[in-house]
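Protein sequences, first through last, are from chains A and B. Anchor point for the first sequence: position 182 equals 198 in the working numbering, and the numbering is continuous, going up by one each time. Anchor point for the second sequence: position 136 equals 294 in the working numbering, and the numbering is continuous, going up by one each time.
FYI, nobody ran anything at the bench for these hints, they're computed from the structure. Computed from a predicted model, the values in this text were never measured in an experiment. Every residue gets a Cβ at the ideal spot worked out from N, C-alpha and C, and that includes glycine. Worth double-checking, as some hints may not be accurate.
Derived EDC-like pairs (lysine to aspartate or glutamate); straight-line CA-CA distance at most 20 Å [unchecked claim]:
no. : chain 1 : residue 1 : chain 2 : residue 2
1   : A       : Lys139    : A       : Glu33
2   : B       : Lys326    : A       : Asp217
3   : A       : Lys139    : A       : Glu84
4   : A       : Lys78     : A       : Glu134
5   : A       : Lys54     : A       : Asp177
6   : A       : Lys221    : B       : Glu323
7   : B       : Lys326    : A       : Glu212
8   : A       : Lys139    : A       : Glu24
9   : B       : Lys326    : B       : Glu314
Residues from chain A that face chain B, not an exhaustive set, calculated with beta carbons under 7 Å [said to hold, decoys possible]:
no. : residue
10  : Leu201
11  : Leu206
12  : Gly209
If you anchor each label on the Cβ, the simulated ranges turn out as follows [unchecked claim]:
no. : chain 1 : residue 1 : chain 2 : residue 2 : range
13  : B       : Pro228    : A       : Ile211    : 42 to 50 Å
14  : B       : Gln244    : A       : Asp220    : 42 to 50 Å
15  : B       : Lys251    : A       : Met103    : 34 to 42 Å
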Amino acid sequence: MRKTTRSEDLVRGIWKENPVLVQMLGLCPALAVTNSVKNALAMSAATFFVICCSSVLVSSCKRFIPNEVRISAYILVIATFVTLADMLLQAYAPVQHKELGAFIALIVVNCMILGRQEAFSAKNTVFRSLLDAMGTGVGFTIALVMMGGFREILGTGSFLDHPLFGPHFEPWVIFVLPAGGFLTLGFILLAMGYIEQRRRDRADKTAEAEASS
Amino acid sequence: MSEQSLFSIFFSAVVVNNFTLALFLGLCPFMGVSARVETALRMGLANIFVLTLTSISAWILNTFILQTAPYLRIISFIIVIASLVQIVEMTIKKFSPTLFRQLGIYLPLITTNCAILGLAIFQTNRGYGFLQGLTFAVGAGLGLTLALVLMASIRESVEFSDVPEVAKGTGLVLIIAGTLSMAFMGFAGLL
Chain A
17 MRKTTRSEDL VRGIWKENPV LVQMLGLCPA LAVTNSVKNA LAMSAATFFV ICCSSVLVSS
77 CKRFIPNEVR ISAYILVIAT FVTLADMLLQ AYAPVQHKEL GAFIALIVVN CMILGRQEAF
137 SAKNTVFRSL LDAMGTGVGF TIALVMMGGF REILGTGSFL DHPLFGPHFE PWVIFVLPAG
197 GFLTLGFILL AMGYIEQRRR DRADKTAEAE ASS
Chain B
159 MSEQSLFSIF FSAVVVNNFT LALFLGLCPF MGVSARVETA LRMGLANIFV LTLTSISAWI
219 LNTFILQTAP YLRIISFIIV IASLVQIVEM TIKKFSPTLF RQLGIYLPLI TTNCAILGLA
279 IFQTNRGYGF LQGLTFAVGA GLGLTLALVL MASIRESVEF SDVPEVAKGT GLVLIIAGTL
339 SMAFMGFAGL L
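Build the full structure now, drawing on both the sequences and the hints.
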């Protein structure tokens, strides 16, 4: 693997390797809890906590974890922190905890977290693993808030419970329903594909122009 | 103990609250294994099997062990699921190597399928008894299989149609899933 700098560790997860939008990991929470910005934020905060703590613990214990049982060990570490996050949310934000319901517990099987442990924390120092986890967590948050915003604005006509439009706005209810989750992510991916393709076309054209001149 | 009748649990799990299309559980196989109808069907069957076993073990854990230590719930569930999948894998390998080859990588991947852990947690939250849990598991598994097979059949025909270059890939799959999910919303009023 190519050696990366510390800032790269941090930034990589935010856009270029965004867990949800590019790597398609952690889709279940990204679709299930983004019917409002508040839920998206609560979910991201819990996931951010879990991924940072697990990365630090896994990277500091990597010498003691036998290679054969490493996946089970990672899952155990993650499950412990998810239990912690579950209890913390229940204590300090009972309303959000109720709204998110079983999806807090389901952070355990978010492939994004396990993926970072296996791909990064198991091989790198504690500090760099923390940076990597923070980058991935922020990337996850961006994707979730983007989807939550899109769905809440179109589906209820408000943002963070503040009404945005006049009383004549007809909410597009489909977007807060499950079907809207699939459609929103689908449209975001289509838009990203379109941008990517245009950039590639332009790069090709420049290359051609340079070759012909 | 919840008072819901077995039929309403079953029907709700298959269509009204379909695990994949309404609750977003088990999306990874839904995206990854839904390119061919045959593999989708096999994945669905493997899922029904594991879901049923999980439901039974979750009920045992809940009734006999976890009452004294409820905070160990998530951890114990995930360990049980992981070992269950491992045992199923070894059993299939021993008794039917052909099936084992056909299932391939999908079998171990069931461990990280949120549908399985989701089932165990929903079952606990709703306080289902043994039979209710079993019905719920079979219903959820059938619902997953239904969604997978529907999706795979649509994707097989989309392959031969003229799709714009940009839309190829996951974006299109998600929009198809959205449309399917809208179709399943029609069942919402039934229960």
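Cross-check of the supplied hints:
no. : hint                               : in the structure
1   : A:Lys139 with A:Glu33              : 19 Å, holds
2   : B:Lys326 with A:Asp217             : 17 Å, holds
3   : A:Lys139 with A:Glu84              : 15 Å, holds
4   : A:Lys78 with A:Glu134              : 11 Å, holds
5   : A:Lys54 with A:Asp177              : 9 Å, holds
6   : A:Lys221 with B:Glu323             : 18 Å, holds
7   : B:Lys326 with A:Glu212             : 13 Å, holds
8   : A:Lys139 with A:Glu24              : 16 Å, holds
9   : B:Lys326 with B:Glu314             : 13 Å, holds
10  : Leu201                             : 5 Å, holds
11  : Leu206                             : 4 Å, holds
12  : Gly209                             : 5 Å, holds
13  : B:Pro228 with A:Ile211: 42 to 50 Å : 48 Å, holds
14  : B:Gln244 with A:Asp220: 42 to 50 Å : 49 Å, holds
15  : B:Lys251 with A:Met103: 34 to 42 Å : 39 Å, holds
In the structure shown, no violation is registered for any of the earlier numbered hints.
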